[in-house]
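Chains as they are written, first to last, in my numbering: chain A, 1 to 187; chain B, 1001 to 1734.
For the record, the hints were derived by calculation from the structure and aren't laboratory data. Keep in mind it's a predicted model, so treat the numbers as computed, not measured. For every residue, glycine included, the Cβ atom is placed at its ideal position computed from N, Cα and C. Fair warning: there could be bad hints in the mix.
As the list claims (entries may be wrong) - Pairs of lysine-lysine, BS3-like flavour, derived with a Cα cap of 25 angstroms:
#1 Lys-185(A) x Lys-1005(B)
#2 Lys-1019(B) x Lys-1005(B)
#3 Lys-120(A) x Lys-1347(B)
#4 Lys-1347(B) x Lys-185(A)
Unchecked claim - DEER-style ranges, computed between Cβ atoms:
#5 Gly-122(A) x Asp-1075(B): 35 to 45 angstroms
#6 Asp-1573(B) x Glu-143(A): 36 to 46 angstroms
#7 Pro-1624(B) x Gln-70(A): 25 to 35 angstroms
#8 Glu-83(A) x Trp-1101(B): 51 to 61 angstroms
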Amino acid sequence: MKQHLYIEMDNCIGCRSCLAACTQCGGHDERNRNYVYDVNPLVNRQTIPLMCLHCVNPACARSCPAQAIQVTPEGAVLSALVEKCIGCQNCTIACPYGIPKFDEEQNLMYKCDLCYDRTKDGIPPMCASVCPTNTLQWLTEDELKAKRESHELGRWTASRLPDDPLVGETNVKISLPGILQGKVKLF
Amino acid sequence: MPKDKFFKVIENRTHPGEKLVDTHCSYCGMQCGMKLRVDTSTNRIIGVEPRYDWPVTLGKMCPKGVTAYQQTNHDDRLLKPLIRDDRSLRGTKMGFREATWEEAYGLIVRKFQELQSGFGKDSLSVFSGVSMTNEKCYLTGKFARVALQTRYIDYNGRFCMSSAAAGFMRTFGVDRGSTLPWTDLHETDCLFIAGSNTAECHPTSMFRVWEVQNRGGYLIVADPRETPIARRADVHLDLRPGTDLALANCMVNLLIQGGYADREFVEKHTNGFDAMLEVVKQFTPEYTSEITGVAPEKLIRAAEIYGKAPNAVVMFARGIEQQHKGVDNVSAYTNMSLVTGKIGRPKSGVATFTGQGNGQGGREHGQKADALPGYRKIANPKHVEEVCKVWGITPEEMPQPGVSAYEMFGLMQDKTIRGLYLLCSNPAVSAPNLNEVRAALMNLDFMVCCDMFLSESAEFADVVLPTVTWSEDEGTVTNLEGRVIKINKAQEPLGESKPDWEIQVELAERLGRGQYFRHLKTARDINDEFRLASKGGYADYYGATWEKIEEQQGVFWPCRDEADPGTPHMFLDKKFYHPDGKALLCALPYRPPAEEPCGDYPLRLTTGRVVYHYLSGNQTRRIPFLRDMCPEPFVEVHPETAKRYGIAHEEMVRVRTRRGEAEFKVKITEAIRRDTVFVPYHFGHEKSVNLLTIAALDPTSKMPEFKACAAEIEKLTAAPAAQAQEPIKEVIQT
Chain A
1 MKQHLYIEMD NCIGCRSCLA ACTQCGGHDE RNRNYVYDVN PLVNRQTIPL MCLHCVNPAC
61 ARSCPAQAIQ VTPEGAVLSA LVEKCIGCQN CTIACPYGIP KFDEEQNLMY KCDLCYDRTK
121 DGIPPMCASV CPTNTLQWLT EDELKAKRES HELGRWTASR LPDDPLVGET NVKISLPGIL
181 QGKVKLF
Chain B
1001 MPKDKFFKVI ENRTHPGEKL VDTHCSYCGM QCGMKLRVDT STNRIIGVEP RYDWPVTLGK
1061 MCPKGVTAYQ QTNHDDRLLK PLIRDDRSLR GTKMGFREAT WEEAYGLIVR KFQELQSGFG
1121 KDSLSVFSGV SMTNEKCYLT GKFARVALQT RYIDYNGRFC MSSAAAGFMR TFGVDRGSTL
1181 PWTDLHETDC LFIAGSNTAE CHPTSMFRVW EVQNRGGYLI VADPRETPIA RRADVHLDLR
1241 PGTDLALANC MVNLLIQGGY ADREFVEKHT NGFDAMLEVV KQFTPEYTSE ITGVAPEKLI
1301 RAAEIYGKAP NAVVMFARGI EQQHKGVDNV SAYTNMSLVT GKIGRPKSGV ATFTGQGNGQ
1361 GGREHGQKAD ALPGYRKIAN PKHVEEVCKV WGITPEEMPQ PGVSAYEMFG LMQDKTIRGL
1421 YLLCSNPAVS APNLNEVRAA LMNLDFMVCC DMFLSESAEF ADVVLPTVTW SEDEGTVTNL
1481 EGRVIKINKA QEPLGESKPD WEIQVELAER LGRGQYFRHL KTARDINDEF RLASKGGYAD
1541 YYGATWEKIE EQQGVFWPCR DEADPGTPHM FLDKKFYHPD GKALLCALPY RPPAEEPCGD
1601 YPLRLTTGRV VYHYLSGNQT RRIPFLRDMC PEPFVEVHPE TAKRYGIAHE EMVRVRTRRG
1661 EAEFKVKITE AIRRDTVFVP YHFGHEKSVN LLTIAALDPT SKMPEFKACA AEIEKLTAAP
1721 AAQAQEPIKE VIQT
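Here chain B stands alone, though its shape is the one from the complex (with noise of 0.2 angstroms):
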């Protein structure tokens, strides 16, 4: 891999008595590259140092990777079954006892079994997630179809990953998150970056993102809040949360009317202009800044800096994903590289800020409803016999469909679901609409929670299993470059925890289905198979061998053999997915978002992440530094709405929507809409942001809107009936 100019040789501090493993981060998509110190006489680890030479972020790290390594040898750390007899304490931290492996799997199977021989194999879920190794992304879709043999799989990237995976699918034919590799970033020449707060998401990308400044590119950032990257762009598109179709096709339409569109590269190399132009043409700056409020001529500016710039990357995040037109929020700002040409070469193209670790990689590998490893489709008679080959069935055996993650909870409250087994997520933080998903885990029959720490939702559970840490287990992961990297082993597990893998294939063996589980006796033996299930997929990881990994610092899928060096720069021959070799303009009309303001609930809500924390928090809020630095959610409020409520700064208020309410301390700031509130997510129980979300889906990629939905601020401190003033009726219009 070549070296950007930041690289520098750099040699490692090393201690007498200790060795430094190298590794990446534990938490999201940008996995930086790191060391683990580990004390050689205890073989514990105590520390950590950069790694220098990891070429996309050098050394780096944000906080949270800083304090990363303290998990590992944490005083929570579960280090042996649970089991709770007692059904009524289900909800609560209570009532668990300690138990044997032996103990907790004999009652996983006989309830399992139990279930299944009641209400038929379909009884059963699994929940997962995408925090951990595409070894046990691929064993987890392999254990659910073969092992337990229910078609109601799916995880938690429905709550992150899932719309641009869908948009990339639809406009490219192919679904990787990045069209280019980091190192090119710091290159281009404009950065259009959509609904990402990327400094406190992605903070290793920063470097890189002032550079394009530094060399005196420009930087365009489209976000309802002022955060630290907007603070310094060259144009802040300020828009409502919810209404970045609308800016979408504004953009495109700029584009086009501005005479920046490449005709060629459109004509060549994509379909459905026509249709396209037809729907944007309406989408003038003055109509556009009536839907997203954003002022005109910075919507003009945008385009044009945009469409002049030699070359030029869309980035977008979570907070244009996570509406429940997602799919066409990705699609349509995609729209933007395509028609003017700035894709399928270096230093253009789009990319997706993966919110998860492995957010790519465990997108792949067939822990989707729909999906089996290399990206194949179990609707595709084809792609079944593909993966049934490599698994030792028969194509009928394969179950059908499931549905997809939130869904899944209807499916509990039903009784069409009567058991789950959870796996590196936390729903009852991370889900929406969080008062009907309680309910639907309290409604289950049976379930059992793996984690390393007694989770939110592992307070539901009737068996919790003690699973290891990201450093005590190894395999690869796909970071948000689409680069598959390798996790190294850094400590032996703690107490009798164990991977999530093994205790998945000691577990069919127990359900009689063992003789498609037993030959993995190590994570390598996994990557063995589930490179061979990928071979021939969109996503083909078959080349990307830990050697390679290695030898190149990763290596960009698709890898297709051994001779193959990976795919760092997407569609350099200019040849989408499709099977005409084009990629797709979408004509998107814009929708609002599911829920508007109206008297009752005049604001919007919208949420996302603060730099300290990782997702629910299950692991960052048990840190002491980062705990510290953020030990509870707050409710950003813009002072001019404060003074109509007449609320101060850090005083408690209480915030309603139609599904539920919270308290939240006020922080007054300038750098949010008037007509907005945002309140950050990695906090369960009562402080859980997602008691107030709405569960509205998106039709593709079911991903709900969590960035946009009514709400209300109550005072807490009941004012003196003589001075009670009249609520706020009208919707805040900005």
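Okay, chain A solo, but in the shape it has when bound (with noise of 0.2 angstroms):
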């Protein structure tokens, strides 16, 4: 069955379990390829998880001139091939938020592949399995479907303009924040 990574924004509390995790991914090398960033440090503190969200039709693999980025029949955007990658990149111009990195000395770019050699298994990203909050979930269609029903969902969006080509279909999907603020009490 296709599994979702959902993202409930309002749940993050920073603590960073999940930059923690994915370095321990296999292949990883020990980097983290997912962000979490201080919305208004100075003020409260929120914070919110920034991870690579599988567009379904990715700028990073559009952008790129040796087709090196291989999008997966489940929708994972994986990391540049190594036999292909050419180190031009393109790709972390294009990728409106900012995801794939480059490594100097390998000359490849890398990128979150959403722990593919686990989630073509049914088995949670490393980001998704750690995530004390719930921040990160991993869903089924149907839990994706009972979410839909609950929360209402957003997408990111890297520009304002309402026919931006960069503005797409994630295959990772998101609740918009102050979700709560609605939610009917039991007493």
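If you follow the hints, you should be able to join the two separate chains into one complex; please do so.
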């Protein structure tokens, strides 16, 4: 069954377990490929995780002149293939979310591959496995449907222009912040 | 054990040439389940995998847990015993040479015997910790009393857990940190959390906390800081540090006034209601607001929510316990549960977040100055007799009760105590009033430190013995629920390091007390003996065998025999552990913090943790990921307070109290009160905030008041004389 990474923004406490866990994934060379940002550190320390959103039509792959970036049948956008990547860094410029990073030594792009060695077998990615707050969840289609019914889901946009080519469908789903404000209380 | 709604069957990813070893994290009381990845060709730990089938945490880990395995094969590990011949170098990292175990043992035995023959048996002391297994904690108590025959043993739980322990003892007659399993938490309707930065200190509780709100339940947080959990609370009671007792009394008063008291429960199952009512009734919202600084409306709303909730859990942590009235704070918050009858049933009760890995088990098995295994008391002749039977000594041989952890440093200063055997603790960072404590350590005639790294405390030692990490030994620990769990061995000890229990058995042999120890050849042998020693005590572990722990995924104590599955929920029969079966509602008059702000020290200083570090940081500061995330301490200052002092974000300032001073980088944030500053305590040497904290002790638990003292900030860059501002002399009130 197809599963999705789902981000419930309100839950994040900024512990960065997801970053630590990312370094533990096989083949990640102990480097994290996801990020956590402080929204307004001097005020309330709200944080948001930013993972690769695994776009359906990813700008990084589209911009790659060497076709080094593969998209799997499940929708995971992989790191650049070693034998194909020419180190031009087009992908790092094209991605509206700043996800692909460049390794100068290896002359190679690296990015979140949704722990493909795990997720292809239904095992959650490391970041969602360890996330102590359920900010990052690994949901089945049914569970995602239930979330859609109870939460308003949003989508990342990199531009305010309505017809911006960078805005598109992503395989990672997010909830809009503030969802709990409308929650019906038990008593 | 029943599975909760979050449980999913997930297979682990295994890689060729590796095996996975089921165990638990080395750090806080959550004891998150994890699997260590071990390379089968080298037998070395190389990574970590989530343990999805562990019912409490379901594979979730905080950044410390994910990287915990990195301490085992860390370059800083001590691999051989170290001896320092030149005593003038004590207090530094210098002057150590490597030695054999035999030479180190020989020196320790000779020095210990010299001191004891010259100054009496009680000239030696043992200072231990509770980040170690039940077996080690038990054996350390026996080692002090039977091998060293000294009365002076105590442990760092005095800086962490002892107020909760004493508070529960007084109220319930028993001290089990949580009256319900964690798998109940997300099913309750209201969480009242006081003095706990849960998101940073026990992050893997958070998915259950958020679920309470997701279901439409309520979250009330009492904390001077707007921590990540307080930020999302339905009511945030932002009280002044050290004023919890007034707030708790006010809650109880409002619950009674609002008609939320369960009269029948109070009548049948508690004592002391009238005396308590007499004290709490003066704590009106207005009066309490004057003391705590919390708006009366918020107090009223919080009591209303808690009162109306069909099920509710009161939880607390060091914020209320590390005060010189910590025990009273615990009993006062517990009164809320008793008055409303929200205890002794599933989904309701009280719980404390245990700071150290085995904070619960470590305080039950005889490491405390006045305690024996199974929560027995040295002052009770019957208890002494029961333990003596297991140990094979006579009651006359049992040393008298000693003094608490901080008080031991006073006895080192006046030379009553001349030798120290320190293990699993780093008091040169974690004790309050550090200038005094470091002077006391310097004053020792001889000091042994057992550690896996050269800690700040090891710098004062004459002999340092290399011990193993948690993953190189096996045994049981008791997590914050009161669930006894099993730590498994993943790799052989590195270098010549040895488990603490093995060191103690070998030292006892050389001290001429081998007959009481030499039958203990494995951790399992010690487990068998300590279960027997706890049998019949309050904390009865007799039925918690290793097989049962594995079979049931943990065993909640008390577990009295093999047929007993253990006790996940306490007091289901509404029987408390006092002789008449009733709990005590305590009447607790308010006392202010030991030190209040004044003209010279107009601010309140409070301390706590960050998510990236554990206790004194001896382990976590060495791990690259954690060090990079938080390399140094900081002082949190409110923007308006910063404006008054003319200090900017990330500027260095000097923070002063009556006991010392230290320099920290400023972190300006609206998450702190205007009258309060906060510094995390994980850092050593001149960066330790405990140079500033006050050693005012709780009269019962002897817990120091880490959470409140009077302080002043100084700008470091001297202002030109013409522009020099008058120092702020009035207390900042909000």
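| Between Gly-122(A) and Asp-1075(B), does the C-beta distance stay in 35 to 45 angstroms? | Taking Cβ atoms as reference, Gly-122(A) and Asp-1075(B) lie about 38 angstroms apart, which means the hint holds.
| message | Assuming the hint says 36 to 46 angstroms, is it satisfied by the Cβ distance from Asp-1573(B) to Glu-143(A) or not? | response | holds (39 angstroms)
| That 51 to 61 angstroms hint for Glu-83(A) and Trp-1101(B) (C-beta), does it hold up? | Holds: the Cβ-Cβ distance is about 53 angstroms, inside 51 to 61 angstroms.
| Quick one, are Lys-120(A) and Lys-1347(B) close enough, alpha carbons at most 25 angstroms? | violated (38 angstroms)
| field | Pair hint Lys-1019(B) and Lys-1005(B), alpha-carbon separation not exceeding 25 angstroms | value | violated (29 angstroms)
| field | Restraint check for Lys-185(A) with Lys-1005(B), where alpha carbons must lie at most 25 angstroms apart | value | Distance ~20 angstroms between Lys-185(A) and Lys-1005(B) Cα, so the pair holds.
| field | Pairwise hint evaluation, Lys-185(A) against Lys-1347(B), where the allowed Cα distance is 25 angstroms at most | value | holds (18 angstroms)
| Pairwise beta carbon distance, Pro-1624(B) to Gln-70(A), judged against the given window 25 to 35 angstroms | holds (31 angstroms)
Hints 2 and 3, counting from the list given before, are not met by this structure.
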